[in-house]
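Could you put the whole structure together from the sequences, leaning on the hints where they help?
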Amino acid sequence: DSGVTQTPKHLITATGQRVTLRCSPRSGDLSVYWYQQSLDQGLQFLIQYYNGEERAKGNILERFSAQQFPDLHSELNLSSLELGDSALYFCASSVDTGPSSYEQYFGPGTRLTVT
Amino acid sequence: DAKTTQPPSMDCAEGRAANLPCNHSTISGNEYVYWYRQIHSQGPQYIIHGLKNNETNEMASLIITEDRKSSTLILPHATLRDTAVYYCIVRVGYNAGNMLTFGGGTRLMVKP
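Line by line, the protein sequences give chains A and B. If you're matching positions, the first sequence starts at 81 in our numbering and goes up one per residue. If you're matching positions, the second sequence starts at 1115 in our numbering and goes up one per residue.
None of these hints come from the bench; they were simulated from the model. Where a beta carbon is used, it is the ideal one built from N, C-alpha and C, also for glycine. Just to be clear, a hint being listed does not mean it is correct.
[As the list claims (entries may be wrong)] Here are the computed lysine to aspartate or glutamate pairs in the EDC-like style, where the Cα-Cα straight-line distance is at most 20 Å:
| no. | chain 1 | residue 1 | chain 2 | residue 2 |
| --- | --- | --- | --- | --- |
| 1 | B | Lys1225 | B | Asp1196 |
| 2 | B | Lys1183 | B | Glu1169 |
| 3 | B | Lys1225 | B | Asp1125 |
| 4 | A | Lys137 | A | Asp109 |
| 5 | B | Lys1117 | A | Asp109 |
| 6 | B | Lys1166 | A | Glu183 |
[Stated by the list, open to error] Some but not every residue of chain A turned toward chain B, in silico, with C-beta under 10 Å:
| no. | residue |
| --- | --- |
| 7 | Val84 |
| 8 | Gln86 |
| 9 | Thr87 |
| 10 | Ile92 |
| 11 | Gln117 |
| 12 | Leu123 |
| 13 | Gln124 |
| 14 | Phe125 |
| 15 | Arg135 |
| 16 | Ala172 |
| 17 | Ser181 |
| 18 | Gln184 |
| 19 | Gly187 |
| 20 | Pro188 |
As structure tokens, then:
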């Protein structure tokens, strides 16, 4: 158990819809990261938040957005869903201090299926 | 960040040591080597990291060559539960943005 929780575990929705994925980081971790894993793209970084502020952005689509709340949990919002958005979405957290910032702890993921 | 090269797959007998190589010949002086693994469809799991000295923890050992151009992750007594994809990642110790970049990794199959 990494200490990172994600809900829901599975999500099935239709094209054009909007969903929200939720992540609670490990206690004490200020950084939250979102990654997407699809069959053809592998694991890809989407976005990082540190203590409520956006820190870095990867190849995140404009239809996707995220935020980190004062209690440090984070939400990833995916809108106007397309079939190609079907993937595993992982959240990870870390302390943000030097080399240990890359010692990231991943949640179990949310499997999104768009039909 | 330095690029890494790993063999796409390896087999190991249960109970034997699994030695997973990683080439990072363009690594620079302030870049660390990190190892993660992903057991089928689970979240990636941090294993170990190092700069230039060999490192050991309860999961594995990391051996970095003196010129730092390659490293080896050693699982001393592989079990069936160690079957996973292993990723070698090189990152600067700290910068604005701490994302991990996962390549193809090595698919390790531990066989009975």
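Legend entry - Index of numbered hints that the structure contradicts, given in increasing order: 5, 9 and 10
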